[in-house]
Every structure is written in structure tokens, then in C-alpha cells.
Amino acid sequence: MSTSNRVNKIANLLLSHSLGDDGRVDKDKVSNVLEDMRKNPPLQHIEILKRFAFLVKKHMSSYQGILEYNGGNGAEMAERLCSKDFIKSNNTEIHSQESQSLIAGIRLKIGDDVYEDSLANRLNNIRKALL
Amino acid sequence: MNSITDLIRNEIESLSIDASRSNVGKVTMLADGVARVEGLSKVMYNEMVEFPNDVLGIALNLEEDSVGCVLLGDTSSLKEGDDAKTTGKLLSVPVGMELLGRVVDAVGRPIDGKGPIESKEEYSIERIAPGIIPRKSVDQPLQTGIMAVDSMIPIGRGQRELIIGDRSTGKTTIAIDTIINQAKINKQGEQSGKEDFRPVYCIYVAVGQKNSNIARTIKVLEETGAMEYVTIVSAPAADNPANQYLAPYGGCAMGEWFMENGRDALIVYDDLSKHAVAYRQISLILKRPSGREAYPGDVFYLHSRLLERSARLNEDNGNGSLTALPIIETQMGDVSGYIPTNVISITDGQIFLETDLFNKGIRPAVSVGLSVSRVGSAAQIKAYKKVAGKVKLELAQFRELAAFSQFESDLDAATKARLDRGARIVEMFKQTAFNPIPVEVQTAIMWGMQNDFFDSIEVDQISDAVTSLKEYLSTQGKEVCDEIYQSGKLEESTEQNLRSALEDWKRTFS
Numbered sequence: 483m484s485t486s487n488r489v490n491k492i493a494n495l496l497l498s499h500s501l502g503d504d505g506r507v508d509k510d511k512v513s514n515v516l517e518d519m520r521k522n523p524p525l526q527h528i529e530i531l532k533r534f535a536f537l538v539k540k541h542m543s544s545y546q547g548i549l550e551y552n553g554g555n556g557a558e559m560a561e562r563l564c565s566k567d568f569i570k571s572n573n574t575e576i577h578s579q580e581s582q583s584l585i586a587g588i589r590l591k592i593g594d595d596v597y598e599d600s601l602a603n604r605l606n607n608i609r610k611a612l613l
Numbered sequence: 011m012n013s014i015t016d017l018i019r020n021e022i023e024s025l026s027i028d029a030s031r032s033n034v035g036k037v038t039m040l041a042d043g044v045a046r047v048e049g050l051s052k053v054m055y056n057e058m059v060e061f062p063n064d065v066l067g068i069a070l071n072l073e074e075d076s077v078g079c080v081l082l083g084d085t086s087s088l089k090e091g092d093d094a095k096t097t098g099k100l101l102s103v104p105v106g107m108e109l110l111g112r113v114v115d116a117v118g119r120p121i122d123g124k125g126p127i128e129s130k131e132e133y134s135i136e137r138i139a140p141g142i143i144p145r146k147s148v149d150q151p152l153q154t155g156i157m158a159v160d161s162m163i164p165i166g167r168g169q170r171e172l173i174i175g176d177r178s179t180g181k182t183t184i185a186i187d188t189i190i191n192q193a194k195i196n197k198q199g200e201q202s203g204k205e206d207f208r209p210v211y212c213i214y215v216a217v218g219q220k221n222s223n224i225a226r227t228i229k230v231l232e233e234t235g236a237m238e239y240v241t242i243v244s245a246p247a248a249d250n251p252a253n254q255y256l257a258p259y260g261g262c263a264m265g266e267w268f269m270e271n272g273r274d275a276l277i278v279y280d281d282l283s284k285h286a287v288a289y290r291q292i293s294l295i296l297k298r299p300s301g302r303e304a305y306p307g308d309v310f311y312l313h314s315r316l317l318e319r320s321a322r323l324n325e326d327n328g329n330g331s332l333t334a335l336p337i338i339e340t341q342m343g344d345v346s347g348y349i350p351t352n353v354i355s356i357t358d359g360q361i362f363l364e365t366d367l368f369n370k371g372i373r374p375a376v377s378v379g380l381s382v383s384r385v386g387s388a389a390q391i392k393a394y395k396k397v398a399g400k401v402k403l404e405l406a407q408f409r410e411l412a413a414f415s416q417f418e419s420d421l422d423a424a425t426k427a428r429l430d431r432g433a434r435i436v437e438m439f440k441q442t443a444f445n446p447i448p449v450e451v452q453t454a455i456m457w458g459m460q461n462d463f464f465d466s467i468e469v470d471q472i473s474d475a476v477t478s479l480k481e482y483l484s485t486q487g488k489e490v491c492d493e494i495y496q497s498g499k500l501e502e503s504t505e506q507n508l509r510s511a512l513e514d515w516k517r518t519f520s
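Just so you know, the sequences run in chain order X and C.
This note's numbering applies: residue 483 is where the first sequence begins, and numbers increase by one.
This note's numbering applies: residue 11 is where the second sequence begins, and numbers increase by one.
Source of the hints: derived by calculation from the structure; they are not laboratory data.
Just so you know, not all the hints are guaranteed correct.
Partial list, derived from the structure: chain X residues whose beta carbon lies under 7 Å from chain C [to be verified]:
1. Glu575
2. Asp594
3. Val596
4. Tyr597
5. Glu598
6. Asp599
Derived Cβ-Cβ restraints for the label pairs, each shown as a range [said to hold, decoys possible]:
7. X:Asp504 with C:Ala247: 53 to 59 Å
8. C:Ser222 with X:Leu525: 54 to 60 Å
9. X:Pro524 with C:Arg119: 51 to 57 Å
10. C:Ser30 with X:Arg562: 27 to 33 Å
11. C:Arg119 with X:Leu605: 22 to 28 Å
12. C:Gln341 with X:Lys591: 49 to 55 Å
13. C:Ser314 with X:Arg562: 51 to 57 Å
14. X:Ser565 with C:Glu325: 56 to 62 Å
15. X:Leu605 with C:Glu128: 25 to 31 Å
16. C:Arg119 with X:Ile585: 26 to 32 Å
17. C:Asp122 with X:Leu605: 27 to 33 Å
All C-beta atoms in this analysis are idealised placements derived from N, C-alpha and C, irrespective of residue type, glycine included.
Turn these sequences into a full structure, and let the hints steer you where they fit.
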């Protein structure tokens, strides 16, 4: 098995041990995993930890959404979005923040998916069409 | 008042949100026209990816956590940490008649300063080649206007004929001559008003060439009046390797439009050696495993999937065709290199050009022994087939005997006759660049050779004689040439007219 494959395999295993019953990363379980690793450090300890951190971050971003908005009430928008089926089914947490760069409208980012309806985006589309 | 504003607010809220969805990632590495992007988990293979400042890329390497994208255009404004966004579109190029007479870059953007291209359609640059059912065998000739090629290595519409040879042996000249000849035939055909006449449109793809060479080619095509039937796809050496890699596929998509719309097209890839080098460069930067000569494992597929898109379609599928003339540059005449053998095995024959012949003044420097057309005489008009049937054998025998005759002082009469005939055929095939000869004139000259009209002329006078005969056939002998052009056959009456015309010419030439 190549080095990178081995690191990948162990990091994936650590991630599976870090998940709670709801499929989310559990802080206590992550602490336990790290504690165990500290006691019995594997070969390429740092590489495995880096890979583990990357996988945890990636997994967490799949159920944590960032809602950027400008104009209107962000909290209200977040609440309305949470009632949508695709958010509910994934049990996604929405964190909202105001963003002036949108000019007006919203941008929701979950994992690497972006849903956007903003004036900035529309202006950009017009600019591209005119070029 | 409040109730009214609430009413409007409710109305606004009930409207559906017109949100766009995209998949994004972050640039983690940038080098030599390639970006590695983290994220983009839903990107498709070959999908266009949008970077800041309107820079586009193509997703070529889909890995577990990252995506390798080749970048098109100016990448100097990009930096690590920039966002990359999927577009949901595969890379496409404009296609259609509007592209004729234009010079475009690898993705079909005009670079000739003649304004935008008002094309109505776009084709994806990567398309699946036609299968077995819509194809038919190649049986219609595509005249190159080069006697040595049309007589011994005939090319048919829908064929893939490789032009291979060392640097400066006249590979591009053969391709350009062919394009010029198509334009001449197109103009002649359009004037004749023949109902079944099918013009051949041409696409010239320049990969990794010097800008000065491309400019010279454009100038030649404009001066000869061929440009109105030609589209030039330019990815010069100064362009990034991604554009050089994409240009042949873009050009092929433009050619496919003609084929799929029941028209005939010719595409020249000049050249695929440089295309393979550009692909090797991209593959190495993308960290793909390398094989022989550091080329990636799929370098055969790189060219096979491109050349398989050239085909002759049957009547049920519009009867169109796309003929390909790929060019390969060899090193020191070595045809056993990796890329030359690959392309030789994919194509339906090759025109091999020899440096020695070129240096001896035999131009085009076609090597008879190594050149072949697997379509053969099926792609020749009947009249030409009749006169050119034996010429390849005669020339091959001449080369063999010429090698032996160096050691022999006394030669028998038959051998001497063969040597004389061979030497005259070699002289007859000499042709200047960008000066294609119409097929009916070629037929008449070949007929003259086969019927001993050149036997009394000294070998060093043959070129002059051929030039003189060409002039005669375009003036006094035009009628007999028109007869051959119209019927495509050499009937007894035509042969009689041809004999009397050549006797008349012989008197004037003597």
C-alpha cells in the first residue's frame, strides 16, 4: 500500500470513529480519538492528523450552511430556509451573516454547493452576456 | 397603509426565488497553466470551470479531494485561494458556414479582427465518433492536385491520410496545396452548375507553430483565393499548452458540422507531434503517471478518438464526409517513434516525405516505397485509374533497378527502358509549391507518359515539357480536358482526341 493510501485509509477510519449516532462529528469522540493517538502514535502521525482534520472539516461543511444576506432580516430568512425540504432532510444548521458584497439578496453555501439570488450575481451575469 | 404594504410584501414573498445553483471550490495550487482546486465535488469531466476575471478552465483530473483544471487564456491574474465555479457546460465551439474565411483560436473566438462570428450553433469539442451503422466505405476522390499523390496514393473523402516526414520536407505544402486545389475545384464546380457537385470546405488547425508560419499560410490562402472556403484554427507555440491540446478537437467539431449537414469537409492537423507534446506537458503537470518517452498512457487514445471522428456517412445520414490529413514530424526519418507509429496505425495510409529526395530536388519528396493509401483506386475517377494504374509499380521497379544499375555497366534493353521510363516519371512528378494541377490535366499528362509521348524528350527537359503541355491543355487542348472532366472516363473517342491534341502539342514543343 502506498504511503498516501495508508494515510488516507487511517484518516477515514478515524473519521468514522468520530461520528455520533446522528452522523455528525461528535466533539467528545474526536477528543477520544486524539487521546488514543497521543498514547499510541502511529507512523506518519502528523500527515494522518492533517488528513483527519481535512476530512472532519469537509464532513462538517456538508451539514453546516452559511447564509449571507444583504437587505431584509437575515434571521428570518434563515428560519424560512430551514423550513425547506432539502435543508430539513439533511438536518443542516444555518448560520447567517450580513454581506455588503451581495448588494441585495442572499447566498447560501452548504459544503461546496452555492445557491445564490443576489443583485451582484445578476449584474455579473449581465456583464458576461455583454462582453 | 400598513395593510397595503403587507399585501405587497406577501405578494413579493410568494414569488419563487430565481436562485442559481453552482458548485464551488478553492484554488490550492497554480502552475504552468494548470490549477488544482479543492471542492468542486459535483464537477463533470471536461466541464468548463469559471475562475475570477473571466478566466476559464477545463476539469481534466477528477480526484478524491481535488480537481485538476487546465486554464485557458491569461492566468496571470489568478492566485491561490481564488474561487472556482462550475458552469454546467462542456467546452463548445461555434460551428457553421459563418466560420468560413475566418481565423479563430482554439475555442472558436475570432482572432482576425473581422468582428464577431454570428454563428447560430455550437458543438461540444469532445464528441463521440460515428459508429459502424452510419458509415459507408470511401469511394469518392478528394483531389490534392499533386500528381505524385493523386496517381499513386489516392485519397478519398472520409479517409484519414497521414503526412509524415522530417522537418522542412514539404509536409505543410502538401496540405496547403490540397486546400488550394479544393478551392479551385469548388469554384469550377459552382460555375459548371452541376447538380450533384459537392464542394469541399477546409479547416486548417495549426498546433504549436510559429506565428510567422501561420501568417504566411493565411497569406498564401488569401492570395490564391482559397480563404473563402477555409477556417483556420490557430494555437501557436506562444499559446498555452491547454489551447494547443484543445485546438484539434475544436477544429474537428467545426468539420463535423459540415459532415453531419450532408456536406464534405477536409481537416488538416498541423501537426499532431506538437499536439502530443502539449498533452504530455499538461499530463505531467497534472501528475498523471507517465510511460514511454514520458507520454501519458492514454496518448494513443488522444489521437485515435480525434481521428475516428473523420468518416464518410451513408445516404441515410446525409452522405457527408470529413477527411483528415494529420501531419507528423519525424526525427532523422525515424518512423518507428512512439507518436509516428501510433498515428500510422490509426490512419488509412501515409504519405512519407524523404529528406534525401527533397535535397535532390525531387519535390514533392514522396517516398514511393513507404507511402500507401489503404483506400486505393476506389478513390480515383475512372479516367485517372486507367492511366495511373501501373505508375506506382513502374516507379518502385525504377528505384530498385536504379540501385542495382550503379554496379552494372551493361544493361539489357528492357532494364534500360524501365530506367528511362522511371527517370521520366520522376521528372514528371516534380511540381512547384502551391500550384495544384486539375485532375483532367493530370490524366492527360499521365496518358501522354503511358503512350510514349515523352520518350523522345531528354530527361532534363521533361519538367519543361510538362509545363508546356499544361499550358497547351489549358488553351488549345481545353476541349479534351473538359471532355475528361465532364465524363470522368477515358472512352475511345476521348483517347483519339487526346492523341491528336498531344501530337499537336509535341510539334509545337519540338
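Consistency of the hints with the structure:
no., hint, result
1, Glu575, "violated, 19 Å"
2, Asp594, "holds, 4 Å"
3, Val596, "holds, 5 Å"
4, Tyr597, "holds, 5 Å"
5, Glu598, "holds, 5 Å"
6, Asp599, "holds, 4 Å"
7, X:Asp504 with C:Ala247: 53 to 59 Å, "holds, 58 Å"
8, C:Ser222 with X:Leu525: 54 to 60 Å, "holds, 57 Å"
9, X:Pro524 with C:Arg119: 51 to 57 Å, "holds, 53 Å"
10, C:Ser30 with X:Arg562: 27 to 33 Å, "violated, 19 Å"
11, C:Arg119 with X:Leu605: 22 to 28 Å, "holds, 24 Å"
12, C:Gln341 with X:Lys591: 49 to 55 Å, "holds, 53 Å"
13, C:Ser314 with X:Arg562: 51 to 57 Å, "holds, 54 Å"
14, X:Ser565 with C:Glu325: 56 to 62 Å, "holds, 60 Å"
15, X:Leu605 with C:Glu128: 25 to 31 Å, "holds, 26 Å"
16, C:Arg119 with X:Ile585: 26 to 32 Å, "holds, 30 Å"
17, C:Asp122 with X:Leu605: 27 to 33 Å, "holds, 32 Å"
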